[in-house]
Amino acid sequence: MKDLECQIVSNQMVCEDTYLLQACCDFESWKPGQFVMVRINDSFEPFLRRPLGILAYHESKLELLYKVVGDGTRCLSLKKPGEIIAVLGPLGNGFRIPAGDEQVTYVAGGAGLPPILALAEHIKKGTLIIGARTRSNMPLLTRIQSITGVETLIVTDDGSIGPKALAADILEEVIQDSHLPGIVYACGPPAMLKKTALISQAKGLACQVSLEERMACGFGVCTGCIVATKSGNQRVCREGPVFEAAQIRWS
Amino acid sequence: MDTTIRITDELVLKNPVMSASGTFAYGEEFSEVIDLSLLGGIVTKGLSLEPSKGNPVPRIVETPCGMINSIGLENIGIEAFLKSKLPLLGQWKTPVVVNFYGTNEDDYEILASMLDSKKDVAALEMNVSCPNIKKGGIHFGKDPDYLYSLVSKVRQATNKTLLVKLSPLASDIAEVAISVQEAGADGITCVNTIPAMAIDENTWMPVLANITGGLSGPAIKPVALYMVWEVSKHVHIPIIAAGGAASYRDVIQFMLAGASAVEIGSYALRDPFCFTTIIEGLDKYMQENALDRLEDIVGKLKT
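So the sequence lines, in the order shown, correspond to chains A and B. So the first sequence is numbered by numbering that gives the first Met the number 0: it starts at 0 and just counts up by one. So the second sequence is numbered by numbering that gives the first Met the number 0: it starts at 0 and just counts up by one.
Isolated chain A, as found in the complex:
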């Protein structure tokens, strides 16, 4: 874990409320599913860093895709190319990459897109299901539809792209045709994750979920971001953010 001063290369709105930030960065290694804690300003506003899932890292360039949801992300969205942000990371465990020829399915909803896209771009195979509210808040459409080896199915709440459906409902159809063994990766709203976990379990598929929780430190010392698991409380930032879905005690 390092705290890196990173110069912003670009920081552009890619759809309603969502920005793609590129910054020069120097990670020794990283894994899809890991995240960074971004210190937005030198001043005490905002006081805490923001946890953001890594979208991509290549050729010393870090890509973060984030939605403006509050004061911190709003401050970040105002940053201009050339400005510096401090990036602590990469943090967390990351996804388990399949070793063999398992059938791979990804489910992403809302702000859960970055780690799933990072994974799909890394594994380069499988079916990617993305749920969005409507066309105007579906970012990086062209990039997503051209991921090598990955078939993409987009659904929206209003039918403005793809069928009017929930991502987890499409999952049931997709894995009907799949063969074992298989693995499902998911990141998104808790209700979607829970449903994805139950469907995967019923079909006998492994399932890994990447969880989101409010964080203060991001590296395990404050225990602000715990999740109840079958082996007790675990820290989303340290033992996670990726968990075996079967280990989670869903509320």
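Keep in mind that the hints were calculated from the coordinates and are not lab data. Don't take each hint at face value.
To be verified - The list that follows gives simulated cross-link-like pairs (lysine to aspartate or glutamate, DMTMM-like), each with its CA atoms no further than 20 Å apart:
| id | chain 1 | residue 1 | chain 2 | residue 2 |
| --- | --- | --- | --- | --- |
| 1 | A | Lys1 | B | Asp34 |
| 2 | B | Lys13 | B | Asp199 |
| 3 | A | Lys1 | B | Glu31 |
| 4 | A | Lys79 | A | Glu62 |
Said to hold, decoys possible - A short, non-exhaustive set of chain B residues, derived as facing chain A with CB atoms under 7 Å:
| id | residue |
| --- | --- |
| 5 | Phe23 |
| 6 | Glu28 |
| 7 | Leu48 |
| 8 | Ile59 |
| 9 | Glu61 |
| 10 | Arg269 |
| 11 | Cys273 |
| 12 | Arg292 |
C-beta atoms are modelled at their ideal positions from N, C-alpha and C, and glycine is treated no differently.
Start from chain A and add chain B according to the hints.
Only chain B this time, still in chain A's reference frame:
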């Protein structure tokens, strides 16, 4: 230049910069980030007799220049701590201060006697001021008479250096501090978080699952500074400041107000490398101000 701070004969710090309880866990994560031997002292997460699961999430909310937490003293319990964490902490050349709390008086006594025999423990910090647990915590810390009796009992149970961490909620913190001193405490940690809450105006619900929590960070520094100053006028035992310190300048300010050492809490969550920066800043300050002994500035506020 001498940055040594003597709290007691048993608790001598190489510099006044300490971790604060609850933002440093048991030191393992920070040991991957910084050299723990550089610190003046390490204060552990608050420990109880039995493991505690703490409060539900959300446990954290950011506020202007600070944050509110309602962790609820989640911890692994004293036995697991002694077995798996203390041996690792003891390897650093930095005094270990074990923060502990009880939900009744007996717990406090038992914990103090369990820790009394441990060579890797330099001092105990008694938490009588956590705003996030229903039993014990802050309720023990507000009443000077009750606190006198509780600290006296703990004093009987240990010969280790005993620090008592006060609540900023006491109606007269000087009175509470005097009681703690009379009961035999060796030092006072001043102060714990300030009870606080946050509300979501869209859902009409509290942000924290526990409804209320404790405010920390630079937002509370002026309050902590005042309380250190107030307490220092009334007691002769050393004071360890806690409350929003984020820079070497803050450390100097707390020392001028009367603190012998300063715990860095919430700011280390934002910047885990700040301990090193602060210690370096103190050296530079001493050079620039031709100070030979840092301890000499304690309580030297010109009024």
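Each hint, compared with the structure:
Using a Cα cut-off of 20 Å, the hinted pair A:Lys1 and B:Asp34 holds, with the two alpha carbons roughly 14 Å apart. Restraint check for B:Lys13 and B:Asp199: not satisfied, since their Cα atoms lie roughly 45 Å apart, outside the 20 Å limit. For the given pair, A:Lys1 sits about 10 Å from B:Glu31 by alpha-carbon distance, which is consistent with the 20 Å threshold. For the hint pairing A:Lys79 with A:Glu62, the CA-to-CA distance comes to about 15 Å; that is within 20 Å, so the pair holds.
Because the smallest distance between the Cβ of B:Phe23 and any Cβ of chain A comes to about 6 Å, under 7 Å, the interface hint for this residue holds. At its closest, the beta carbon of B:Glu28 sits 5 Å from a beta carbon of chain A; the interface hint therefore holds under the 7 Å criterion. Nearest Cβ of chain A to the Cβ of B:Leu48: about 18 Å, over the 7 Å cut. The hint is violated. The criterion of a C-beta within 7 Å of any C-beta in chain A is met by B:Ile59, whose closest approach is roughly 4 Å, and the hint holds.
A cut of 7 Å between beta carbons decides the hint on B:Glu61: the least distance to chain A is about 5 Å, and the hint holds. Nearest Cβ of chain A to the Cβ of B:Arg269: about 6 Å, under the 7 Å cut. The hint holds. Given hint, B:Cys273 at the interface with chain A, is violated; its Cβ is 10 Å from that chain's nearest Cβ, farther than 7 Å. Annotation: interface hint on B:Arg292 violated; nearest CB of chain A at approximately 31 Å, more than 7 Å.
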